[in-house]
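Enquirer: Letter by letter, the chains look like this.
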Amino acid sequence: MSEAVLSSGTELEAPGAKGVADDFSRDKQVFGVPWGKAMMWIFLLSDTFIFSCFLVGYMSVRIASTDPWPIPSEVFALSFGGEPIPLVLIAIMTFILITSSGTMAMAVNMGYRKDRNKTFWLMVATALLGASFVGMQAFEWTKLIMEGVRPWGNPFGAAQFGSSFFMITGFHGMHVSAGVIYLLVVAFRVKTGFYERRGGNYEIVEIAGLYWHFVDLVWVFIFAFFYLW
Amino acid sequence: MAAEGQQHPIKIYLWIWLLLFVVSFFSYMVDYLQFHGALRWTLILIFMFVKAGFIVAIFMHMKWERLALKLAILGPPVAIMVLIWLMSYEGFHVEDTRIEYYGESTMEPQTPAHH
Numbered sequence: 001m002s003e004a005v006l007s008s009g010t011e012l013e014a015p016g017a018k019g020v021a022d023d024f025s026r027d028k029q030v031f032g033v034p035w036g037k038a039m040m041w042i043f044l045l046s047d048t049f050i051f052s053c054f055l056v057g058y059m060s061v062r063i064a065s066t067d068p069w070p071i072p073s074e075v076f077a078l079s080f081g082g083e084p085i086p087l088v089l090i091a092i093m094t095f096i097l098i099t100s101s102g103t104m105a106m107a108v109n110m111g112y113r114k115d116r117n118k119t120f121w122l123m124v125a126t127a128l129l130g131a132s133f134v135g136m137q138a139f140e141w142t143k144l145i146m147e148g149v150r151p152w153g154n155p156f157g158a159a160q161f162g163s164s165f166f167m168i169t170g171f172h173g174m175h176v177s178a179g180v181i182y183l184l185v186v187a188f189r190v191k192t193g194f195y196e197r198r199g200g201n202y203e204i205v206e207i208a209g210l211y212w213h214f215v216d217l218v219w220v221f222i223f224a225f226f227y228l229w
Numbered sequence: 001m002a003a004e005g006q007q008h009p010i011k012i013y014l015w016i017w018l019l020l021f022v023v024s025f026f027s028y029m030v031d032y033l034q035f036h037g038a039l040r041w042t043l044i045l046i047f048m049f050v051k052a053g054f055i056v057a058i059f060m061h062m063k064w065e066r067l068a069l070k071l072a073i074l075g076p077p078v079a080i081m082v083l084i085w086l087m088s089y090e091g092f093h094v095e096d097t098r099i100e101y102y103g104e105s106t107m108e109p110q111t112p113a114h115h
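Residue numbers (the numbering used here), protein chains in the order written: chain A, 1 to 229; chain B, 1 to 115.
Warning: the hint list may mix true and false statements.
Said to hold, decoys possible - Ranges between beta-carbon positions, derived for each pair:
no., chain 1, residue 1, chain 2, residue 2, range
1, B, His-36, A, Lys-18, 23 to 31 Å
2, A, Ser-79, B, Ile-10, 36 to 44 Å
3, A, Gly-193, B, Lys-63, 45 to 53 Å
4, B, Asp-96, A, Lys-191, 12 to 20 Å
5, A, Ala-21, B, Gln-34, 45 to 53 Å
6, B, Leu-14, A, Pro-15, 23 to 31 Å
7, A, Thr-66, B, Pro-77, 39 to 47 Å
8, A, Ile-181, B, Ile-84, 31 to 39 Å
To be verified - Each computed DSS-like pair below joins lysine-lysine, with the alpha-carbon atoms no more than 30 Å apart:
no., chain 1, residue 1, chain 2, residue 2
9, A, Lys-18, A, Lys-28
10, B, Lys-63, A, Lys-114
11, A, Lys-28, B, Lys-11
12, A, Lys-118, A, Lys-18
13, B, Lys-11, B, Lys-70
14, B, Lys-11, A, Lys-191
15, B, Lys-70, A, Lys-114
16, A, Lys-143, B, Lys-11
17, A, Lys-143, B, Lys-70
18, A, Lys-28, B, Lys-63
19, A, Lys-114, A, Lys-18
20, B, Lys-63, A, Lys-18
21, B, Lys-63, A, Lys-143
22, B, Lys-11, A, Lys-118
23, B, Lys-11, B, Lys-63
Hints in this document: simulated from the structure, not taken from any laboratory. If you're wondering where the values come from, they're calculated on a predicted model, not measured in any experiment. Built from N, CA and C at the ideal position, the CB exists for glycine as well.
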């Protein structure tokens, strides 16, 4: 953002607290980033609070429950014919989401290099990894529902386990699904030259990327607090 | 130039990508090796914050943004710490009240059957 200058020509590159005061006190936009990016950050901030409320709610009911909490390591274990491996599907889902975050970061980079073809394919790869994540989550839900887990009770322990699980992973899965659609829309617009006709600006890829990385970020917290704790 | 946006060498993304894999593997190992108690919780939190930090700082480019944006986005979530403290306090109080009025739970933890 080195071109951010005052009308007088003074550069707004002061670091630290002086820079913050300069940015907030100039009579124009505060953040030296495209408005779409600033708004995506603010949306993600509000989403942070929503997910935090869910996780804090889960913490409350887990602390307050006098019944033993089901052991995630065993509930989410999966057996491939032999001994059940703890959390194996969740681990695979975690690695898939990290891989998709990596391909997304590369897509953003290729977008700024104006390599439309590579950007398109990297975004499609990201969306496919996201879709496979949602597929595995659907499998996980099916398995738990067949074992008798319900929002109001389950055979393994505290009744609040089901409602916390369906609420938190469901809301996260919904975010991933929305992200897949969002990424595909942007990817096809990159491919068809939609942004070329609008001045060849590929910030939108970075903005979509912010959303996608956020989904991965939320999963980091869900993985730690719900599955590992 | 703002129009050029956040451009950084590909190498840094590949490094962070690799590190995220390694740290995720470590956090999975916490469960696989059946660590318990304070050691488990400490390791979970350390790996969680390392991963979250890498994602926000590098993949989401927060490291390269101006301090005004960093403070505006990373500042408010600090309030969540207060909520966590309040609700855990509340949670333990509810648990104590339940035990006082209904007694200890007699439920035995069940191990799921695998097919």
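Enquirer: Next, verify each hint and record whether it holds.
Expert: Each hint, compared with the structure:
Distance hint check: the CB atoms of His-36 of chain B and Lys-18 of chain A are about 49 Å apart, inconsistent with the given range 23 to 31 Å. At roughly 40 Å, the beta carbons of Ser-79 of chain A and Ile-10 of chain B sit within the given window of 36 to 44 Å. Restraint check, Gly-193 of chain A to Lys-63 of chain B: a C-beta distance of roughly 32 Å breaks the suggested window 45 to 53 Å. Asp-96 of chain B and Lys-191 of chain A have their C-beta atoms about 60 Å apart, which leaves the hinted 12 to 20 Å range violated.
Between Ala-21 of chain A and Gln-34 of chain B the beta carbons are some 52 Å apart, a value that agrees with the proposed interval 45 to 53 Å. In this structure the hint that Leu-14 of chain B and Pro-15 of chain A lie 23 to 31 Å apart at CB holds, the actual value being about 29 Å. In this structure the supplied range 39 to 47 Å is violated for Thr-66 of chain A paired with Pro-77 of chain B, their Cβ-Cβ distance being about 31 Å. Between Ile-181 of chain A and Ile-84 of chain B, the C-beta spacing of about 33 Å keeps the proposed range 31 to 39 Å intact.
Note on Lys-18 of chain A and Lys-28 of chain A: the hinted pairing holds, with a Cα-Cα distance of about 17 Å set against a maximum of 30 Å. Distance restraint check for Lys-63 of chain B and Lys-114 of chain A: the Cα-Cα separation of roughly 23 Å lies within the 30 Å cut-off, and the hinted pair is therefore satisfied. Distance hint between Lys-28 of chain A and Lys-11 of chain B is unfulfilled; the C-alpha atoms sit about 36 Å from each other, more than 30 Å. The hinted pair formed by Lys-118 of chain A and Lys-18 of chain A fails the criterion: a straight-line CA distance of about 40 Å is larger than 30 Å.
Proposed proximity of Lys-11 of chain B and Lys-70 of chain B is supported: the alpha carbons are some 24 Å apart, at most 30 Å. For a cut-off of 30 Å, the pair hint linking Lys-11 of chain B to Lys-191 of chain A stands: about 25 Å separates their Cα positions. A C-alpha spacing of about 27 Å is found between Lys-70 of chain B and Lys-114 of chain A, which places the hinted pair at or below 30 Å, so the restraint holds. Between Lys-143 of chain A and Lys-11 of chain B, the direct Cα distance comes to roughly 40 Å. Violation of the 30 Å bound is thereby established for this hinted pair.
Of the pairs offered as hints, the one joining Lys-143 of chain A and Lys-70 of chain B is violated, with about 42 Å between alpha carbons and a cut-off of 30 Å exceeded. As the CA atoms of Lys-28 of chain A and Lys-63 of chain B are separated by approximately 24 Å, the hinted pair is consistent with the 30 Å bound. Restraint check for Lys-114 of chain A and Lys-18 of chain A: not satisfied, since their Cα atoms lie roughly 35 Å apart, outside the 30 Å limit. Simply put, Lys-63 of chain B and Lys-18 of chain A have alpha-carbon atoms about 18 Å apart, close enough for the 30 Å limit, and the pair holds.
Using a Cα cut-off of 30 Å, the hinted pair Lys-63 of chain B and Lys-143 of chain A is violated, with the two alpha carbons roughly 41 Å apart. For the given pair, Lys-11 of chain B sits about 17 Å from Lys-118 of chain A by alpha-carbon distance, which is consistent with the 30 Å threshold. For a cut-off of 30 Å, the pair hint linking Lys-11 of chain B to Lys-63 of chain B stands: about 16 Å separates their Cα positions.
In this structure, the hints that do not hold are numbers 1, 3, 4, 7, 11, 12, 16, 17, 19, 21, in rising order.
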